[in-house]
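Asks: Residues per chain, in single letters:
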Amino acid sequence: MNKTVTLAQGNGGEENNELITKVFYKAFKNEILEKSEDAAVIEDGKFAFSTDSFTVSPIFFPGSDIGKLSICGTCNDLAMMGAKPKYLTVGIIIEEGFSIKNLEKIVRSMKKELEINGAIIVSGDTKVMPKGTIDKILINTTGIGEILYSGISSNSITEDDTILVSRDIGCHGATIFASREGIELDSELKSDCASLFPIVKKLIDAGVNITALRDATRGGVAAVLNEWAKQSDICIEVDEESIPVSQEVYGMCEMLGFEATALANEGTFCLAIKKEDGQKAIEILKEFNLDATTIAKVTSKHPQKVILNSSYGTQRFLDTPSGELLPRIC
Amino acid sequence: MELKLNNLYDDFRDGQTIQAYQKLIEQEAKKISRDINIMEVCGGHTHTIMKFGLPQLMPKNIHFIHGPGCPVCIMPKERIDHAYALAMQEEVILVTLGDMIKVPGSNGSLQNARAKGADVRFVYSPMECIKIAKENPDKKIIFFAIGFETTTPMTAALLNAVVKKNITNIYFHINHVTVPEVMKELIDSRDEHIDSYNNRIDAFLGPSHVSVISGAKIYEIFAKEYKRPVVVTGFEPVDMMEGIYKIVKQFVEGRCENEIQYNRVVTYDGNIKAQELINKYFDKASLFKWRGLGNVPNSGLKLKDEFTKYDAEIIYEKILPKHEIEDHKLCICGDILRGMAHPTECTIFGTACKPSSPVGSCMVSSEGACAAYFKYGNII
Chain A
1 MNKTVTLAQG NGGEENNELI TKVFYKAFKN EILEKSEDAA VIEDGKFAFS
51 TDSFTVSPIF FPGSDIGKLS ICGTCNDLAM MGAKPKYLTV GIIIEEGFSI
101 KNLEKIVRSM KKELEINGAI IVSGDTKVMP KGTIDKILIN TTGIGEILYS
151 GISSNSITED DTILVSRDIG CHGATIFASR EGIELDSELK SDCASLFPIV
201 KKLIDAGVNI TALRDATRGG VAAVLNEWAK QSDICIEVDE ESIPVSQEVY
251 GMCEMLGFEA TALANEGTFC LAIKKEDGQK AIEILKEFNL DATTIAKVTS
301 KHPQKVILNS SYGTQRFLDT PSGELLPRIC
Chain B
1001 MELKLNNLYD DFRDGQTIQA YQKLIEQEAK KISRDINIME VCGGHTHTIM
1051 KFGLPQLMPK NIHFIHGPGC PVCIMPKERI DHAYALAMQE EVILVTLGDM
1101 IKVPGSNGSL QNARAKGADV RFVYSPMECI KIAKENPDKK IIFFAIGFET
1151 TTPMTAALLN AVVKKNITNI YFHINHVTVP EVMKELIDSR DEHIDSYNNR
1201 IDAFLGPSHV SVISGAKIYE IFAKEYKRPV VVTGFEPVDM MEGIYKIVKQ
1251 FVEGRCENEI QYNRVVTYDG NIKAQELINK YFDKASLFKW RGLGNVPNSG
1301 LKLKDEFTKY DAEIIYEKIL PKHEIEDHKL CICGDILRGM AHPTECTIFG
1351 TACKPSSPVG SCMVSSEGAC AAYFKYGNII
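Which chain is which? The protein sequence lines are A and B, in order. Residue 1 is where the first sequence starts when you use my numbering, and the numbers rise one by one after that. Residue 1001 is where the second sequence starts when you use my numbering, and the numbers rise one by one after that.
Calculated directly from the structure, the hints in this document are not laboratory data. Fair warning: there could be bad hints in the mix.
[As the list claims (entries may be wrong)] With the Cβ distance kept under 7 Å, some of the chain A side facing chain B (calculated, not the full set):
(1) Thr6
(2) Gln247
(3) Ser311
(4) Tyr312
(5) Thr314
(6) Asp319
[To be verified] Output of the computed footprint for chain A on chain B, the stretches with three or more beta carbons under 8 Å from beta carbons of chain A:
(7) 1012-1026
(8) 1107-1119
[Claimed, not checked] Computed Cβ-Cβ distance ranges for the label pairs, DEER-style:
(9) A:Ala27 x B:Gly1117: 23 to 31 Å
(10) B:Lys1023 x A:Glu276: 34 to 42 Å
(11) A:Val5 x B:Glu1306: 38 to 46 Å
(12) B:Asn1279 x A:Lys105: 51 to 59 Å
(13) A:Lys101 x B:Asn1107: 40 to 48 Å
For glycine and all other residues, C-beta sits at the position ideal for the given N, C-alpha and C.
Okay, chain A solo, but in the shape it has when bound (with noise of 0.2 Å):
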């Protein structure tokens, strides 16, 4: 590793599993940590516990904004556990300078977020850091959930699941490169950021055999069947075409030389879901979203790995995203 702590081990990859195993977790181990799950599971499995950090830049970008994504974020870790977002924490920092009316339009996306969670701030905290020490504003939030579907874990998927997404993937992502500096890209592209316990909620409420839940937030959709893999010591097959991405992204990706896999998203989670309540998974989510699919079976081919099944016959593998994303050359 590295002296110095360097962007990539920030991009929820390859180096960033690498810095939180080696630093944080040879610190911080015990039981619930090594689960390595989105949210800790805590008091014999009442509650979901998480918390995240949100920098971004820039700040408002299309579809979503800083505060809705600090509000969104943590709560769909809790929902990711089968948990409903109850209450929450905010610690915001402040660079000098601020200017207040932008303050107020990042609350009141956060304001408005709580209400579809149906959680509440309950403690908070305020800093101000002189102007140049840190970029505009940074948020972190915590939350504890009420865990209403239990046994949710991304250690115990098995061949009898099957793998969905729940829409269109990597708009997140390639929203936010757009919009970056040194890229001058129009698109029509706006970030998927969304909550998304109502519909966990609904798949529960359902009678779906839930297995695993993860959003595909840093890393991508890539990352997120890597670490079931990893942890579930299973192959996962991806059937290529069935992954559903926009021609927006897609042309993106093409252009940029990335792929949609491994781009963030914030609003989009795959599902590992017993093969019996597929179908009925599916038709649940298409009521928030028509590109929900199936994406991948689970099979002992290649323990640990993922595979891309291409149309044609062709086979490789998806490994986890490393490395900054970085546009190619030529």
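Keeping the supplied structure of chain A fixed, place chain B upon it in accordance with the hints.
Replies: Using the frame of chain A, we list chain B on its own:
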């Protein structure tokens, strides 16, 4: 008819078309008793071959040799150390293209320089430098220019704008290289470890975005004098299958020609305006050192004498490190690039040498042969 984005690639990835070409290639390959080793020179082709699993579709007597056409991979550590040294200058904003910033030099990569406080930026178009220069009038913007014929016109266009608009804070560090010279080197040269006069390259898939600029004419010599068939081929899997089919056909019919498969964008003469722009600002450099291959005569470009005042390599001569850095002893990139070895035959492949800590050139970018093998695996 309205042209949609997906018209540009959907049909070129069609599974049935790919399978149809697979059958054609198989039928033709049966007619020849020999093996054919096809070098795809360009890293973009290597990437397509591995990403779409094309080796799995080839008959037993058709093989790929992965060439040196990845501009990031072939950059020697000395040049990366230059970029690093320039970036560490307080008054400098170092600008470069895409994944150049992750290639490690002897002090680390430009990413590491950035982590230490250097102002390093990547752009998609070099013209962005003008905006950066305007926003930072007290800084010196150095464009670390890399790439083959494909990206050279963009650097020339930036220099053209700098000269015309009389912008005084943009400089250049030139690392542009040219394809035909290194193709010659691969056939002509001799590796120290093995007798590569007896190299195994039988035919070339010609780099086609290079030819969009320079035309297909630059490969004429390989068909005529070196007796290697060339097919200038596009980057989608259907393109590549057709290109391979055309090569096999040439062997079956006993032809040795320079053909164009990618005729929707490539012409024989190329983009004359872009060529003029390049010739206006650049001269051939007598030598350029390629990582993994060593010095290749006439394969680099440099700014013409009248533009040396924009040349960061001259202006910053005193701070740029000069010592030569040898390639790692265990690295066999040179052999891989000459078609004498496969990535998996390397003793440090996937162990000491990985994409996150590359030892040799082929592991550096996803377009390098070793990195493509590592990333996509070799399942069948």
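Asks: A separate judgement is required for each hint: does it hold in the structure or not?
Replies: These are the hints, each one checked on the structure:
For the restraint placing Thr6 of chain A at the interface with chain B, the shortest Cβ-Cβ distance is roughly 5 Å, inside the 7 Å limit, so the hint holds. Hint on Gln247 of chain A holds. Least Cβ distance to chain B is approximately 6 Å, under the 7 Å limit. Proximity of Ser311 of chain A to chain B holds as hinted, the smallest CB-CB distance being about 3 Å (cut-off 7 Å). Contact between Tyr312 of chain A and chain B, as hinted, is supported at the beta carbon level, the nearest pair being about 4 Å apart and thus within 7 Å.
A distance limit of 7 Å between C-beta atoms decides the matter here; for Thr314 of chain A the minimum to chain B is near 3 Å, and the interface restraint holds. Hint on Asp319 of chain A holds. Least Cβ distance to chain B is approximately 6 Å, under the 7 Å limit. Check on the stretch 1012-1026 of chain B: 5 of its residues sit with their Cβ under 8 Å from a Cβ of chain A, so the three-residue criterion for coverage holds. Under a criterion of three residues with beta carbons nearer than 8 Å to beta carbons of chain A, the stated coverage of the stretch 1107-1119 of chain B is upheld, 6 such residues being counted.
The supplied range of 23 to 31 Å is met by Ala27 of chain A and Gly1117 of chain B, whose beta-carbon atoms lie about 27 Å from each other. Separation of Lys1023 of chain B from Glu276 of chain A is about 39 Å and conforms to the stated range, judged on CB atoms against 34 to 42 Å. Checked against the given bound of 38 to 46 Å, the beta carbons of Val5 of chain A and Glu1306 of chain B, roughly 45 Å apart, stay inside it. Asn1279 of chain B and Lys105 of chain A have their C-beta atoms about 53 Å apart, which keeps the hinted 51 to 59 Å range intact.
For Lys101 of chain A and Asn1107 of chain B, the hinted distance range of 40 to 48 Å is satisfied, since their beta carbons lie about 45 Å from each other.
Figure legend: structure checked against the earlier numbered hints; every hint is met.
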